[in-house]
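Visitor: In the numbering used here, each number is its position in the sequence shown, counted from 1, plus 1314.
Where hints are given, some of them may not hold.
Claimed, not checked - Simulated pairs of lysine-lysine, DSBU-like, Cα-Cα distance not exceeding 30 Å:
| id | residue 1 | residue 2 |
| --- | --- | --- |
| 1 | K1381 | K1402 |
| 2 | K1480 | K1426 |
| 3 | K1422 | K1489 |
| 4 | K1489 | K1529 |
| 5 | K1529 | K1402 |
| 6 | K1480 | K1422 |
As the list claims (entries may be wrong) - Distance ranges between label pairs, derived from CB positions:
| id | residue 1 | residue 2 | range |
| --- | --- | --- | --- |
| 7 | E1519 | K1381 | 29 to 37 Å |
| 8 | V1428 | R1540 | 14 to 22 Å |
| 9 | D1357 | E1397 | 22 to 30 Å |
If you're looking for bench data, these hints aren't it; they were derived computationally from the structure.
For every residue, glycine included, the Cβ atom is placed at its ideal position computed from N, Cα and C.
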Amino acid sequence: MENIDNFVIQPTEAHTHTIIILHGRDSVASEFAGELFESQASDARTLPEIYPGFRWVFPNSSMLRSKRFDTEMSQWFDMWSTEHPHDKEEMSRAGIETAVARMTDLVKQESKAVSLDHIFLGGISQGSAVGIHTLLRSELQVGGYMGFCTWLPFHDEIQHQTTTIKTPIFLAHNKDDEVISVENGEQMREALQHIGLEVTWREYEEGGHWFNEPKGIDDVVAFLARCGVSSRNRSATASQSTG
1315 MENIDNFVIQ
1325 PTEAHTHTII
1335 ILHGRDSVAS
1345 EFAGELFESQ
1355 ASDARTLPEI
1365 YPGFRWVFPN
1375 SSMLRSKRFD
1385 TEMSQWFDMW
1395 STEHPHDKEE
1405 MSRAGIETAV
1415 ARMTDLVKQE
1425 SKAVSLDHIF
1435 LGGISQGSAV
1445 GIHTLLRSEL
1455 QVGGYMGFCT
1465 WLPFHDEIQH
1475 QTTTIKTPIF
1485 LAHNKDDEVI
1495 SVENGEQMRE
1505 ALQHIGLEVT
1515 WREYEEGGHW
1525 FNEPKGIDDV
1535 VAFLARCGVS
1545 SRNRSATASQ
1555 STG
């Protein structure tokens, strides 16, 4: 189900959790969802098969003009360079603030159906950058945050701030990511740890600017388990598919 704002995949069983996950730059929610749901764990299952009680919310970004390329593109905020994401960073501030306000409202809306600790927030690349700022600025105590192939805008400001949230963080990055280098992910990890957040860091040899398969998907499942989320075991999935 898609509207101009969000692409939503409803749970196939009783609704237990909601994941809000943001696409990257020059992508759209439905495309991101389709590609993510093709990714498999080591037992060949996809995330919807592992978590049938999850409601998946994929927000769509706006079409914003790129100052550098002088054209409109799908992006959460304008930025000068993905190779060097902190270059001319001030141009991103207003767009990040607008996106954070929207995501904060979305989390609050979703919390009418399940409690905040049953909501997970995350994203890939630029979407993840918005997600982490939403977490830090709203200080909504969601169940967890997951960021993939990303960086922390305004990290110098963040690491000198204080926070009251205790949300567990999962960060994953591939060494062969040619869009956002792994060093940016490491810098993000260090900044978040500096302000007292619990960060699980996973680094993979390959996978490019995407989720590592299958180990990366396995690690997502392991992180969610540490956050208290139960997954459907493989035998139950097989029984349902053959029944």
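Visitor: Run every hint past the structure and note whether it holds.
Guide: How the hints compare with the structure:
1. Pair hint K1381 plus K1402 holds up; C-alpha atoms about 11 Å apart against a cutoff of 30 Å.
2. For the proposed pair K1480 and K1426, the alpha carbon gap of about 21 Å is at most 30 Å, so the pair holds.
3. About 35 Å separates the Cα atoms of K1422 and K1489, which puts this hinted pair outside 30 Å; it is violated.
4. Between K1489 and K1529 the alpha-carbon distance is near 14 Å, which keeps this suggested pair within the 30 Å criterion.
5. In summary, the hint linking K1529 to K1402 is not supported, as the alpha carbons are separated by about 35 Å, beyond the 30 Å threshold.
6. Annotation: proposed proximity of K1480 to K1422 holds, straight-line Cα distance about 18 Å (limit 30 Å).
7. Taken as a hint, the range 29 to 37 Å holds for the pair E1519 and K1381, whose Cβ atoms sit roughly 35 Å apart.
8. With their beta carbons about 19 Å apart, V1428 and R1540 fall inside the hinted range of 14 to 22 Å.
9. At roughly 36 Å, the beta-carbon separation of D1357 and E1397 lies outside the given 22 to 30 Å, and the hint is violated.
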